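2 protein chains.
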Amino acid sequence: MSNTRIGIVGYGNLGKGVEAGLKQSSDLELAGIFSRRQPEQLETTSPAYHMDDLLGFKDSIDVLILCGGSQKDIPVQGPELAKTFNTVDTYDNHNEIPVHFAKLDQVARENDTVAVISTGWDPGLFSLNRLIAESILPKGETYTFWGPGLSQGHSDAVRRVAGVKNAVQYTVPKEELVDAVKDKQSIEYNKLDAHKRMVYLVLEEDADESKVRETIKTMPDYFEGYETEIHVIDQETFDKEHAGMPHGGTVMRQGKTTDDHTAIYQFGLDLDSNPEFTAAVAIAYARAAGKLAREKQYGAKTVFDIAPGYLSPKSGAQLRKELL
Amino acid sequence: MSNTRIGIVGYGNLGKGVEAGLKQSSDLELAGIFSRRQPEQLETTSPAYHMDDLLGFKDSIDVLILCGGSQKDIPVQGPELAKTFNTVDTYDNHNEIPVHFAKLDQVARENDTVAVISTGWDPGLFSLNRLIAESILPKGETYTFWGPGLSQGHSDAVRRVAGVKNAVQYTVPKEELVDAVKDKQSIEYNKLDAHKRMVYLVLEEDADESKVRETIKTMPDYFEGYETEIHVIDQETFDKEHAGMPHGGTVMRQGKTTDDHTAIYQFGLDLDSNPEFTAAVAIAYARAAGKLAREKQYGAKTVFDIAPGYLSPKSGAQLRKELL
Ligand SMILES: NC(=O)c1ccc[n+]([C@@H]2O[C@H](COP(=O)([O-])OP(=O)(O)OC[C@H]3O[C@@H](n4cnc5c(N)ncnc54)[C@H](OP(=O)(O)O)[C@@H]3O)[C@@H](O)[C@H]2O)c1
Ligand SMILES: NC(=O)c1ccc[n+]([C@@H]2O[C@H](COP(=O)([O-])OP(=O)(O)OC[C@H]3O[C@@H](n4cnc5c(N)ncnc54)[C@H](OP(=O)(O)O)[C@@H]3O)[C@@H](O)[C@H]2O)c1
Chain A
3 MSNTRIGIVG YGNLGKGVEA GLKQSSDLEL AGIFSRRQPE QLETTSPAYH MDDLLGFKDS
63 IDVLILCGGS QKDIPVQGPE LAKTFNTVDT YDNHNEIPVH FAKLDQVARE NDTVAVISTG
123 WDPGLFSLNR LIAESILPKG ETYTFWGPGL SQGHSDAVRR VAGVKNAVQY TVPKEELVDA
183 VKDKQSIEYN KLDAHKRMVY LVLEEDADES KVRETIKTMP DYFEGYETEI HVIDQETFDK
243 EHAGMPHGGT VMRQGKTTDD HTAIYQFGLD LDSNPEFTAA VAIAYARAAG KLAREKQYGA
303 KTVFDIAPGY LSPKSGAQLR KELL
Chain B
3 MSNTRIGIVG YGNLGKGVEA GLKQSSDLEL AGIFSRRQPE QLETTSPAYH MDDLLGFKDS
63 IDVLILCGGS QKDIPVQGPE LAKTFNTVDT YDNHNEIPVH FAKLDQVARE NDTVAVISTG
123 WDPGLFSLNR LIAESILPKG ETYTFWGPGL SQGHSDAVRR VAGVKNAVQY TVPKEELVDA
183 VKDKQSIEYN KLDAHKRMVY LVLEEDADES KVRETIKTMP DYFEGYETEI HVIDQETFDK
243 EHAGMPHGGT VMRQGKTTDD HTAIYQFGLD LDSNPEFTAA VAIAYARAAG KLAREKQYGA
303 KTVFDIAPGY LSPKSGAQLR KELL
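Residue numbers (this note's numbering), protein chains in the order written: chain A, 3 to 326; chain B, 3 to 326.
It is worth saying that the hints were derived from the structure and are not from the lab. Since we're looking at a predicted model, the values are computed, not measured. Backbone N, C-alpha and C define an ideal beta-carbon position, used for all residues, glycine too. Just so you know, not all the hints are guaranteed correct.
[What the hints assert, rightly or not] Below, computed lysine to aspartate or glutamate pairings styled on DMTMM-like, alpha-carbon distance capped at 25 angstroms:
#1 B:Lys186 to A:Asp181
#2 B:Lys198 to B:Asp208
#3 A:Lys242 to A:Glu207
#4 B:Lys323 to A:Glu177
#5 B:Lys74 to A:Glu31
#6 B:Lys198 to A:Asp61
#7 B:Lys184 to A:Asp307
#8 A:Lys176 to A:Glu207
#9 B:Lys213 to B:Glu190
#10 A:Lys25 to A:Asp55
#11 B:Lys242 to B:Glu231
#12 B:Lys167 to B:Asp94
#13 B:Lys176 to A:Glu177
#14 B:Lys258 to A:Glu207
#15 B:Lys298 to A:Glu207
#16 A:Lys258 to B:Glu231
#17 B:Lys293 to B:Asp307
#18 B:Lys186 to B:Asp261
#19 A:Lys323 to B:Glu45
#20 B:Lys176 to A:Asp307
#21 B:Lys316 to B:Glu297
[To be verified] Over 10 angstroms on every C-beta distance to chain B, these chain A residues come out as not near it, computed from the model:
#22 Arg132
#23 Leu133
#24 Val163
#25 Arg289
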C-alpha cells in the first residue's frame with residue numbers, strides 16, 4: 003500500500019511536533035506545512051506553503067493534521083477544511099466539543115470526508131481511559147489529575163504581572179490524594195483542591211517582590227483559591243531548568259467488582275514534551291483517518307469511535323500474534 | 003432498546019464473577035448459567051441449567067460469556083457454541099491465539115455470529131495498551147510487569163509437593179525495575195529477571211521443611227531460574243491472609259518523541275479479585291458483542307477490532323458530552 007500523505011496546518015508547537023513525529027513512521031509522509039504566515043518566515047527545511055495554496059493539494063494530501071489553536075483557529079479552519087480534506091484535530095475546548103462534533107459531522111458527511119476530532123491526551127487518551135474504566139467498572143469513581151505540567155495560560159498570566167521578567171507555572175497534583183486513590187481509600191475530590199500551582203519567576207531589577215507575590219496569589223480565575231507556591235529564581239537557572247514543556251497526569255478509577263473487592267484502574271502519562279506527545283497521538287489518529295477514508299467510513303469521529311487496531315501500521319494478524 | 007440477555011457457560015471463578023458483575027449493569031440481564039455439572043450441584047440462586055439444554059435457549063440469549071478454562075474447555079466449546087450464539091471469551095493461551103481466532107472467525111462468518119476472543123486483562127486490556135502505546139510512540143520499548151498477584155498454576159504446583167498441606171504463590175515484579183522504567187532510565191528486561199516468586203505454605207505435620215524448600219526452588223519451568231522466596235506459615239494465618247485472588251500489573255512504554263524528549267505511557271491494574279475483574283471486562287465486551295451482532299458485523303473480533311464506545315451503555319452524544 004502506498005504511504006499516507008499528511009499535511010500540517012499551522013506551524014506552532016504542535017505543528018513542529020507533528021513535523022518531527024512523522025519521521026518515525028515509514029507508512030506516513032509529510033506532504034507539506036501550511037501556514038497563514040509567509041512560508042519563508044517559518045524556520046523549517048520541510049516543504050512549506052501559504053494556506054492560500056492548500057486547495058491545490060486536494061489530490062496529493064490524504065489527511066490534514068490541524069495544529070492551530072483551539073480557541074480561535076480550529077473552530078474556523080476545521081469546518082472549512084473538512085469540506086475538501088480528511089482532518090484530525092486536538093481540539094481541547096471540552097465544553098464546546100458537542101458543537102464542534104456536530105458541525106464537522108455535517109460537513110464531513112456532506113463531502114465524503116473523515117474528521118477525527120479532539121485527539122491528543124486530554125481530550126484524547128485520557129477520555130478513552132475514562133470511558134473504558136467506567137464501562138468495565140460501573141460502580142466506582144473516576145479521578146483525573148493533571149501534571150506535573152507546564153500551563154501555558156497561567157505562565158502567560160504571571161508574565162503579565164508588573165515586575166515579572168520571566169515566568170513559568172506548573173500544575174502539580176497533590177501526591178497524597180493520588181496515593182490515597184491508588185491505596186483504595188475514598189477521598190473527597192474537587193479539581194481545585196486536588197492540584198497546586200507552582201510558579202518559577204525571574205524578577206525585573208526594580209521589582210517589589212512581596213507585591214508581585216501578592217498579585218499572583220490573589221489573581222482571580224487563575225490562582226485565587228488554589229494552593230500556590232512561588233519561587234523566585236535567576237535568569238540563568240530559568241533558562242537551564244524551565245525551557246521545556248513537560249506535562250502529563252493520571253486517570254484513575256476506583257471500582258467495586260463486588261462489595262468486598264476493589265479494583266484500581268490507572269492510566270498515566272509523564273511527558274518531557276506536551277506538544278510532541280500530543281502530536282504523536284494526532285499522527286496515529288491521522289493513520290486511522292486515512293484507513294477510515296479508504297473504507298468510506300465518512301463523518302466526524304472521536305477516539306471513542308475508532309477501533310484501536312486502526313492506529314497501528316501493522317496488520318490484524320500481526321497484531322494478534324505480537325501484541326494480544 | 004431491550005436488555006441484552008447474557009448466558010454464562012461454566013461456573014468456576016470466572017463464571018461466578020460474571021454472575022456477580024451482571025448485577026451492576028441495568029442494560030444487561032442474566033438469562034442463565036450453563037454447566038457440564040448437574041444444575042442442582044451449583045451453589046447459586048440464579049437460573050442454572052445443564053449444558054445439554056443450551057441449544058433450547060437459541061432465541062432467548064443474545065450473548066454467551068464462555069467461562070471455561072483456556073487449556074481444555076474454550077478450544078472445544080468456543081467453535082462449537084459460535085455456530086449458534088454470539089460469544090465472548092477470555093482465552094489466555096497467548097501462543098495459540100492466532101489459531102483460536104482463525105477457527106472462530108470461520109465459524110462465526112459461516113453462521114452469522116460474533117465471537118469476541120481473548121478479552122480480560124492479559125490478554126485484553128494489557129494488549130490494548132501495548133498496541134496503543136506502540137502506535138503512538140513508534141520509537142521505544144514496551145514493558146509488561148505482572149503482579150503482585152496470585153498464580154493459580156504455580157500454587158497448584160507447590161501444593162503437589164510432598165509435605166505441603168496448603169500453598170499460594172504470588173508473582174511480584176521487582177519494584178526497582180518498575181521504578182527505573184517510570185524514571186526514564188533504560189533497563190535490561192527479561193520476564194524471568196523482572197519478577198520474583200513468593201510462596202506462602204503450610205506444612206504437613208511430619209514434613210521435612212528443608213526438603214520442601216529445595217524441591218520448590220529447583221522445580222523446572224515453575225521456579226528454577228527465578229528468585230523465589232518461601233514463607234512457611236500456619237493454617238490460621240493462611241486462611242486469614244491468603245484466601246483471595248488478587249492480581250494486577252503494569253504495562254509501560256518508554257518512548258522518544260524526539261531524541262531529547264522521553265514520554266512514559268503507563269497502564270496499571272491493582273485487583274482484589276482477578277476473576278471478578280476479568281469478568282467485568284468480559285461483560286463490557288459482551289455488551290459490545292450484542293451491538294456488533296445487531297449491526298450484522300459478524301466474525302471473530304479481538305479488543306483491537308472494537309471501537310471503545312461499544313463498551314458503554316451510553317450513547318455517542320452522551321459520551322462526547324460527559325467523558326471526552
Ligand atoms: N488534546 C490535547 O491533549 C492537547 C494538548 C496540547 C495542546 N492541544 C491543542 O493544541 C493547540 C495548539 O497548541 P500549540 O502549542 O501548537 O499553539 P501555538 O504554538 O500557539 O500555535 C497555534 C498557531 O499559532 C500560529 N503561530 C505559532 N507560532 C507563531 C508565531 N511565532 N507567530 C505567529 N503565529 C504563530 C500558528 O499558525 P500559523 O502557522 O497559521 O501562523 C499555529 O498553528 C492548542 O490550542 C491546544 O488546544 C491539545
Ligand atoms: N484474559 C485474562 O485476563 C484472564 C484472567 C483470568 C482468567 N482467565 C481465563 O479464565 C479461565 C477460567 O478461569 P477460572 O478461574 O474461572 O477457572 P475454574 O474456576 O477452574 O473454572 C473453569 C471451569 O471448570 C469447571 N469447574 C469449576 N469449578 C468446578 C468444580 N468445583 N468442580 C468441577 N468443575 C468445576 C467449570 O465448568 P462447568 O461449570 O462446566 O463444570 C468452569 O467453567 C482460565 O482458564 C483463564 O484462561 C483469563
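Check each numbered hint from earlier against the structure, then list the numbers of those it violates in ascending order. The structure conflicts with hints 2, 4, 5, 6, 7, 8, 9, 12, 14, 15, 16, 19, 20, 22, 23 and 25, although it agrees with all the remaining ones.
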